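Engineer: The lines below spell out each chain.
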Amino acid sequence: MNFEWNWDVVRYSIPSLLEGTGVTIQLTSISVIIGTVIGLFVALARLSSFKPISWLAAAYIDFLRGTPLLVQIMIIHFGVPMLSKGTFFEYVPIPFISAVVALSINSGAYVAEIFRAGIQSIDKGQMEASKALGMNYYQSMRYVILPQAFKISIPPLGNEFIALLKDSSLVLVIGLQDLMTSGKLINGFKFRPFEIYLTVAFIYLILTKSISLFVDYMERRLKTSDNR
Amino acid sequence: MKKLFKLLMVSMLILGLSFAAIGCGSDDTAKTDDNADKQEAKALVVGTDAAYAPFEYQEDGKITGFDIELLAAIAAEEGLEVEFTNMDFGGLIPALQTGSIDVLISAMTITEDRAKEVTFSDSYFRVEGQAVVVKEGFAVEKLEDLEGKKVGVQMSTTGHILAEDIKDAKIEAFPTTPDAMMSLANGSIDAVMADSPVVAKWIENNPDSGLVVIESIKFDAEEYGMAVAKDNTELIEKINSGLAKVKANGKYDELYKKYFEQ
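So the sequences go chain by chain: A and B. Using the working numbering, read the first sequence as starting at 73 and increasing by one per residue. Using the working numbering, read the second sequence as starting at 11 and increasing by one per residue.
Rather than coming from a laboratory, the hints here were simulated on the basis of the structure. Keep in mind that a hint or two might mislead.
Claimed, not checked - Computed footprint of chain B on chain A; a stretch qualifies when at least three of its residues, placed anywhere within it, have a C-beta under 8 angstroms from a C-beta of chain B: (1) 77-89; (2) 95-105; (3) 141-155; (4) 237-250.
Said to hold, decoys possible - No farther apart than 20 angstroms at their CA atoms in a straight line, the calculated lysine to aspartate or glutamate pairs in the EDC-like style are these: (5) B:Lys180 with B:Glu151; (6) A:Lys238 with A:Glu91; (7) B:Lys160 with A:Asp195; (8) B:Lys145 with A:Glu162; (9) B:Lys159 with B:Glu174; (10) B:Lys177 with B:Asp155; (11) A:Lys262 with B:Asp241; (12) A:Lys262 with B:Glu151; (13) B:Lys177 with A:Glu162; (14) B:Lys211 with B:Glu69; (15) A:Lys262 with B:Glu225.
As the list claims (entries may be wrong) - Simulated restraints on C-beta separations: (16) A:Phe286 with B:Ala53: 26 to 36 angstroms; (17) A:Ser193 with B:Ala53: 34 to 44 angstroms; (18) A:Gln192 with B:Asn216: 27 to 37 angstroms; (19) A:Glu91 with B:Asp263: 42 to 52 angstroms; (20) A:Phe261 with B:Glu91: 54 to 64 angstroms; (21) A:Gly94 with B:Asp123: 22 to 32 angstroms; (22) A:Asn231 with B:Leu18: 20 to 30 angstroms; (23) A:Asn231 with B:Glu146: 25 to 35 angstroms; (24) B:Glu264 with A:Leu90: 32 to 42 angstroms.
Source: prediction; values computed, not measured. Cβ atoms here follow ideal geometry from the backbone N, Cα and C, with glycine treated the same way.
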């Protein structure tokens, strides 16, 4: 075997990779927050008995889940500016903004389905009981159903956020320098793909493991109310 | 229901295994074909980043361009068969190193760093160098005017290397030069630094973009070379001899006229 692991390349790459990691973390955390909010509203819209709203939500979910995230990023960063040129809503593309928008709306669609499943899994009796106590639909949702639904949704939500972290590597195509792009750039100058990309993968692993540890912690904290 | 589920699982397993078996099967046939090919001339796999008009680009589903036709002419002179394949610019040199391509031609500038990894052919094209492109009306006269501005480049190109020297410039690196040009046209960045013939061609093909080349900023001329794996002296000698023949018999000038003099 002719291959010899080159530690120098790893040492050389670390500063740049860490800078990229900072961007990846920023990008993912902002998109997670916005995506969760979007997901909650879309899920409630989807469950609404008002047909047009429900239909709109379903269409949103279909489109965002049914098209590749890469295509969505390209449309927002390259397509929308051309479309909106000269109009009031002109979008002069900024890579970070395009990335956050694309990741948030994409994640929002998946989160919506996660919340919907969580909400629908709650016993019908809960809604009936809270109505019997005199709460209206919104009060029942806010104080009884959603808290329980949220607890059930935590594992799949954690899944989605780990997926989002990894998907954020697609911002490569719009010139945003995240962890993956930094790795690719270094490879363009140093030509040692194995050492460089393995290091990149390792950093992603640390990030995703942190997310899953956090999710475990959340689950444990919320489980304390389960002792009946 | 349980029986149906079991049946479903078993059939998926069988389907999966049969795909694997088919996969293995075709590898064997490929191997025997290769052995047959070794008796005849094996087609050389040529890597190129085909988003770089007029040197290499896609037209009607085929890869064509100055580089492509040049290498095809060289191959014809030397009795070699070539097969072009499109790949990411940054991946070309690693692909040579692993042997997944035999030769690259991609308007790649001969540099010392690159020459450490691969063997370059003789220079086949001389470019006046990099060009700085901006949106019409953006005031830039010298390189220093770009300090602190957003500069778009293609990843791992000489333009990228040169742009890194601009003080405080915010570099946005794109997978291809057209991506950078598009971002400039959209107003997302302030300038692009890339090979002059390529940006000139892009502007020619996209007259509504409102982009101009800053003539007052000049860079050192660059030489393009083809490349093969470090130790493939046999192939590089053939390429160099073919190049010399193509230059001598007028085919080179013919191609040059076709692509650069209208």
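Engineer: The hint says 20 to 30 angstroms between Asn231 of chain A and Leu18 of chain B; measuring C-beta to C-beta, is that right?
Structural biologist: holds, 24 angstroms
Engineer: Are there three or more residues in the stretch 141-155 of chain A whose C-beta lies closer than 8 angstroms to some C-beta of chain B?
Structural biologist: As far as the stretch 141-155 of chain A goes, the hint holds, because 4 residues have Cβ atoms under 8 angstroms from chain B.
Engineer: Regarding the pair Lys180 of chain B and Glu151 of chain B, is the alpha-carbon distance no greater than 20 angstroms?
Structural biologist: holds, 19 angstroms
Engineer: Within 25 to 35 angstroms or not, the Cβ separation of Asn231 of chain A and Glu146 of chain B?
Structural biologist: Taking Cβ atoms as reference, Asn231 of chain A and Glu146 of chain B lie about 49 angstroms apart, which means the hint is violated.
Engineer: Check whether the Cα positions of Lys262 of chain A and Glu151 of chain B lie no farther apart than 20 angstroms.
Structural biologist: Answer violated: Lys262 of chain A to Glu151 of chain B is near 33 angstroms, above 20 angstroms.
Engineer: Quickly compare the C-alpha distance for Lys160 of chain B and Asp195 of chain A to 20 angstroms and report which way the hint goes.
Structural biologist: Cα-Cα ~55 angstroms, so violated.
Engineer: Count the residues of the stretch 77-89 of chain A whose Cβ falls closer than 8 angstroms to any Cβ of chain B, and tell me whether that reaches three.
Structural biologist: violated (count 0)
Engineer: Can you confirm whether the C-alpha distance between Lys177 of chain B and Asp155 of chain B stays at or below 20 angstroms?
Structural biologist: The hint holds at about 10 angstroms.
Engineer: What's the verdict on Lys238 of chain A and Glu91 of chain A, does the C-alpha distance respect the 20 angstroms limit or exceed it?
Structural biologist: holds, 17 angstroms
Engineer: Regarding the pair Lys145 of chain B and Glu162 of chain A, is the alpha-carbon distance no greater than 20 angstroms?
Structural biologist: holds, 17 angstroms
Engineer: So does Glu91 of chain A sit 42 to 52 angstroms from Asp263 of chain B, Cβ to Cβ?
Structural biologist: holds, 48 angstroms
Engineer: For Phe286 of chain A and Ala53 of chain B, compare the CB-CB distance with the range 26 to 36 angstroms and indicate the outcome.
Structural biologist: violated, 53 angstroms
In this structure, the earlier hints numbered 1, 2, 7, 12, 13, 15, 16, 17, 18, 20, 23, 24 are contradicted, and the remaining ones agree with it.
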